[in-house]
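Going line by line, the protein sequences match chains P and Y. Taking my numbering, the leading residue of the first sequence gets 355, the next gets one more, and so forth. Taking my numbering, the leading residue of the second sequence gets 2, the next gets one more, and so forth.
It is worth saying that the hints were derived from the structure and are not from the lab. There may be inaccurate statements among the hints.
Said to hold, decoys possible - Stretch by stretch, here's where chain P covers chain Y in the computed footprint (C-beta under 8 Å, at least three residues):
(1) 11-17
(2) 20-30
(3) 66-74
(4) 83-93
Unchecked claim - So the derived list for chain P, only partly shown, Cβ under 7 Å to chain Y, looks like this:
(5) Pro395
(6) Thr452
(7) Arg455
(8) Gly460
From the three backbone atoms N, C-alpha and C, an ideal C-beta is built for every residue, glycine too.
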Amino acid sequence: AQKVTQAQTEISVVEKEDVTLDCVYETRDTTYYLFWYKQPPSGELVFLIRRNSFDEQNEISGRYSWNFQKSTSSFNFTITASQVVDSAVYFCALSERTGRRALTFGSGTRLQVQP
Amino acid sequence: NAGVTQTPKFQVLKTGQSMTLQCAQDMNHEYMSWYRQDPGMGLRLIHYSVGAGITDQGEVPNGYNVSRSTTEDFPLRLLSAAPSQTSVYFCASRSNTEAFFGQGTRLTVV
């Protein structure tokens, strides 16, 4: 069975601080996908990134960066110089590459960025 | 590009009433699924479909039915609503690599 753990329930930072959201996963699959989604107060799910299990290269997109470490089954997300608009709930998710392809979500981390 | 369209956006039901949450995608994806989101629990899989005519249960299927008569549509039916089904529901459509979500339906059962 697949499992995703986001141990940080809520994080509060002051604007311009860097913040890292942790994600640890469990799976028996040898190939899989990892995702991060942002859910702003308006409620929709905004796709941030997808990572293939055989691509361990870290990725940077503007103020966002992701650190994928297969050896520790972690896929952490860092926001550099946080802004108030980053305030949201962030979900990490794991997906099979074949079969039902459903996503298994973590419980989410609520990030509050104070001005 | 419409992507994944869910209707309605909000709904209030009385206990025992039935209703159908609609989900349609225009990306010709074979894989579609329904999730519910409850506070502190992330999204949990209700039902999924790997193609027209093929559906199966997820982790929390009780109280819900689905069907998939076309590739585009994947409705979720509540036959007799219960307060425990108060939640936010998301429909998703998958390509081989991406997952696209609808805007969500906030359902309250009183």
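How the hints compare with the structure:
no. : hint   : in the structure
1   : 11-17  : violated (count 0)
2   : 20-30  : violated (count 0)
3   : 66-74  : violated (count 0)
4   : 83-93  : holds (count 3)
5   : Pro395 : 13 Å, violated
6   : Thr452 : 9 Å, violated
7   : Arg455 : 5 Å, holds
8   : Gly460 : 6 Å, holds
Against the hints set out earlier in the document, violations occur for numbers 1, 2, 3, 5 and 6.
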